[in-house]
Amino acid sequence: MCTTCGCSHGETKLEGQNLEREAVAAPRFVPVTGRVAGLGALHYGHGPAGAHAPGLSQARMVKIEQDILFKNDAYAERNRSLFRRRGIFTLNLVSSPGSGKTTLLVRSIEELRGRVPVAVIEGDQQTSNDAERIRATGAPALQINTGKGCHLDAHMVGAALTKLELADDGVLFIENVGNLVCPAAFDLGEAHKVAILSVTEGEDKPLKYPDMFRAADLMLLNKCDLLPYLRFDVELALENARRVNRGLRVIRLSAETGEGFGEWLAWIEAGAAAARRASQEEGAERILGFR
Amino acid sequence: MHEMSLAEGILQIIEDAARSQEFVRVKTVWLEIGRLSSVEPEALRFCFDAVVRGSCAEGARLDIMPLPGAGWCMDCGQSVELTALYDPCPKCDGYKVQTTGGTEMRVKELEVE
Chain S
0 MCTTCGCSHG
10 ETKLEGQNLE
20 REAVAAPRFV
30 PVTGRVAGLG
40 ALHYGHGPAG
50 AHAPGLSQAR
60 MVKIEQDILF
70 KNDAYAERNR
80 SLFRRRGIFT
90 LNLVSSPGSG
100 KTTLLVRSIE
110 ELRGRVPVAV
120 IEGDQQTSND
130 AERIRATGAP
140 ALQINTGKGC
150 HLDAHMVGAA
160 LTKLELADDG
170 VLFIENVGNL
180 VCPAAFDLGE
190 AHKVAILSVT
200 EGEDKPLKYP
210 DMFRAADLML
220 LNKCDLLPYL
230 RFDVELALEN
240 ARRVNRGLRV
250 IRLSAETGEG
260 FGEWLAWIEA
270 GAAAARRASQ
280 EEGAERILGF
290 R
Chain C
0 MHEMSLAEGI
10 LQIIEDAARS
20 QEFVRVKTVW
30 LEIGRLSSVE
40 PEALRFCFDA
50 VVRGSCAEGA
60 RLDIMPLPGA
70 GWCMDCGQSV
80 ELTALYDPCP
90 KCDGYKVQTT
100 GGTEMRVKEL
110 EVE
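Protein chains in written order, with numbering that gives the first Met the number 0: chain S, 0 to 290; chain C, 0 to 112.
Do not rely on the hints blindly, as some may be mistaken.
What the hints assert, rightly or not - Listed next, with one range per pair, are the computed distances between beta-carbon atoms:
| hint | chain 1 | residue 1 | chain 2 | residue 2 | range |
| --- | --- | --- | --- | --- | --- |
| 1 | C | R18 | S | K12 | 25 to 31 Å |
| 2 | C | E57 | S | F69 | 19 to 25 Å |
| 3 | C | E80 | S | R112 | 50 to 56 Å |
| 4 | C | G58 | S | A265 | 34 to 40 Å |
The hints are simulated quantities; they were obtained by calculation from the structure and are not laboratory data. Built from N, CA and C at the ideal position, the CB exists for glycine as well.
Start from the sequences, fold in the hints, and give me the full structure.
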């Protein structure tokens, strides 16, 4: 189990069904020296070194030079190429629990209705409450339960993509597990990570959990309608966020009142239009034989 | 963070290599872990020992080579050493520093038999 957050595999569920992971079996142990090669013969040449020297082991060095997260990154690349081919603009929403991700999503879906098709992948440790809230808006949604896991990984998302009713040229929101630590490191194949910070949290959250605010391209400052009742210094929060990520774009909004949604929705639509254009160009290149 | 997932990633790399390079036991694993990678080496050792139990890497020694953190300060116009990801430039105290090294998490080499 993860020492930080209790994460481990084996309990991941897609809509209540167990998610199969490709089993990686440990190689069977075979003694390397003194194997019987034929009747009455001992063969010392089958070891890794291919030879035997008395008193020396056949230990050898194997160059690996591989990134530890290579498997996740390979799955993420597979997801990304599917999104590119089909013109889908994918956003990975990350935040601490309670920042208002699901309320924000519900309002975004309602306001985008008729403008662009939307689908949602929901990640939570347990329950399908969030997916049900999304489905109530009429948008297709699929729930991933990570069990003891603390983040979504690219393999889970790839499996969800095969089950989700996903329209070409649309927007896919992936609502990650509420956790400001682990999801930062796992690429899901998204176009952007979007971090949500609500004004009921501390201004120093970007400094306390810098990895996440550094991995994000956009930060939504949510619950801004509550500012008159709080001692939350917006400028300080933005300064802290930009200290860890100089290029971070920020939109102030409220999922409750809808303030700031114009800018947020315009940003989504611009991204969706760019994804659509890129997929058309790729399709044209494929027809012309460049790919 | 999530050192368990990282330990599982290391084991997958080892087992893939065991199949392709036909070795049966791993004695030492060399990792390169950047100082800015947010990996906690002690937590990683703990998880690694747990994950490799029953595999060809059971009992293997984990050798973690730390790599220094480096960044490019735009105001000073030069490379500077960083000890934490979001530290200011040690020369001018400014925050216009782009990380250029120290976020690596790699399996470098294995000693096998």
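Here's how the hints hold up against the structure:
1. A C-beta distance of roughly 30 Å is found between C/R18 and S/K12, which places it inside the suggested range of 25 to 31 Å.
2. Checked against the hint of 19 to 25 Å, the pair C/E57 and S/F69 passes, with Cβ atoms roughly 22 Å apart.
3. Evaluation of the 50 to 56 Å hint for C/E80 and S/R112 yields a pass: the beta carbon distance comes to about 52 Å.
4. The hinted window of 34 to 40 Å between C/G58 and S/A265 is violated, with their beta carbons roughly 58 Å apart.
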